[in-house]
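A.B. asks: Sequence:
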Amino acid sequence: MQVLRGRGKLLLPFQHHHHRVFFKKHLVPLGVYVAPVGHKCHLRRVGARGIGLRRIGQSSCRRPPDTQHGKLIGLDGGWNTQHRVFTGLTSKISLCTNTAEGASLPQIAFSPMRISVKNILLALLATATATLAQPRPTPRQLNWQQLETTAFLHFTVNTFTDKEWGDGTESPAVFNPTKLDARQWIRSLKEAGFKMAILTAKHHDGFCLWPTRTTEHSVKNSPWKNGKGDVVRDVADACREYGLKFGVYLSPWDRHESLYGTPAYNNFYKSQLRELLTNYGPLAEVWFDGAKGENAKDMVYDFAGYWALVRQLQPNAVMFSDAGPDVRWVGNEAGNAGETCWSTINTDGLAPGKADATYLNRGDANGKSWVPAETDVSIRPGWFYHPAEDSKVRTPKNLVNLYYQSVGRNSLLLLNVPPNRDGLFSDADVASLKAFRRILNETFKTNLVAAAPRLTDKKLGTFVSVKPDQPLVVKLNGEAEFDRISIQENIANGQHVIDGKVEYWNGTDWTALSAFTTVGYKRLLRFPAVKASQVRITITNAKGPVELAEVGVFKASAEEE
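To convert, take the position in the sequence shown, counting from 1, and add 165; that gives this note's numbering.
Keep in mind that the hints were calculated from the coordinates and are not lab data.
Some hints could be false.
Below, in silico cross-link-like pairs of lysine to aspartate or glutamate (DMTMM-like), each with a Cα-Cα straight-line distance of 25 Å or less [as the list claims (entries may be wrong)]:
| no. | residue 1 | residue 2 |
| --- | --- | --- |
| 1 | 435 | 422 |
| 2 | 708 | 513 |
| 3 | 720 | 648 |
Using the sequences and the accompanying hints, generate a full structural model.
C.D. replies: This is the structure in structure tokens:
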């Protein structure tokens, strides 16, 4: 049995209208939809103004004037308003499981009996706990996942000292990016299709890219703009100008600050965090790095306090760390999400800097927390700019492969693009980014699937429900050559596909094409090109109701080959 997510209200009858009965409010914790014997109902529309039910065969749906998401609707008479009891006979109860247009209301069989509100609730509550316990993304996590490609901006004194990890002794005087142009960074990312930029506001060296009140180790004591500059401000403003979301990285490990290693450091860190959370507009992500050197001072971080501050001041921002709470590390810096990659994990025993990389890479089918993986990788061998790496920038084809191995495996790609010592993206990096997006656009511009509104409208909220071993045949626009397939679940209701397979019709029989494991937000399949007029998708194993939101069939750009 399944129940409607969120709050609901059970209503008692006050009006009859064409076999529909609407109800007065009677407060209960869950909402139920009831259908009588012989009337298989389907959800016609859900919204702030209500829902409509129709019988099979009806040409239209009349939306009841006083029904809303989560309220009980009876399609039979026999309700006693005085005693608030249904006295008719029924053998089926239908419970709403989602809010998607066109979704079926699954029916649960009962022995014919007289049912009351109490009977309904008892039956509902008997299985509600297990259903509601299935992890689902929060709105901020769902919004984050749909960004797909985001950028990291590693920039600090290391850029000028040719180091990856500064030791905290660097003079602010070394920081002088005389041509710094954050608009060039963000414009380049925008043109390459990136949706968010995350800046290293403070890396392990402790140097702050904004004029913080907490320390003198910041841009205010650098020669750049005579100490009047603010890199965080410049990037935040550029993101707003070009329509990208903005995020910040604030390293807990601080090799410069003398308070580090003492309880007082937690307050110091929170003060820095508060400045970033309150002075630079909306943040979409806050990044908590778990990295710390082997010889670093012992430090007990107050992560619970850090996270509470973010929730208070930037409630729409996701937080990253090895342990979440919203987004987890993918377990490597090579750009590879697990071939099997669940968005769920168990966070017990996990902490930033203390987690099993293999576990994070694959996730956990039985995990109790929704904490999807973020795949962070650099466009260069290092995270910061190094002149010696100018000839080692990843090629566009390599970047496309990273996309398949991250976004195409139910993760998100966080690609680092480090500004150089002038304060600009280097030409080689920009050229590779532009070609990367051009290739993706060419590959995915034409979906060969024939008209199938629920599968091709680019909306997760409209979907086709399928059962394990119940093949879904997808027709194409005539016979076409293709070598890429995209499959997406409606993850708003959780991640359920364990594995499946794709076949194509060769004219006389179904032929195996590709097998896959988890789907989640997106699974991208690559295979040698074939010609066919239809494909067949079969989910062979699932851990819950499968809702396929999108299916795409494509021919890859020649530049991918």
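A.B. asks: Any of the earlier hints contradicted here, and which numbers?
C.D. replies: none
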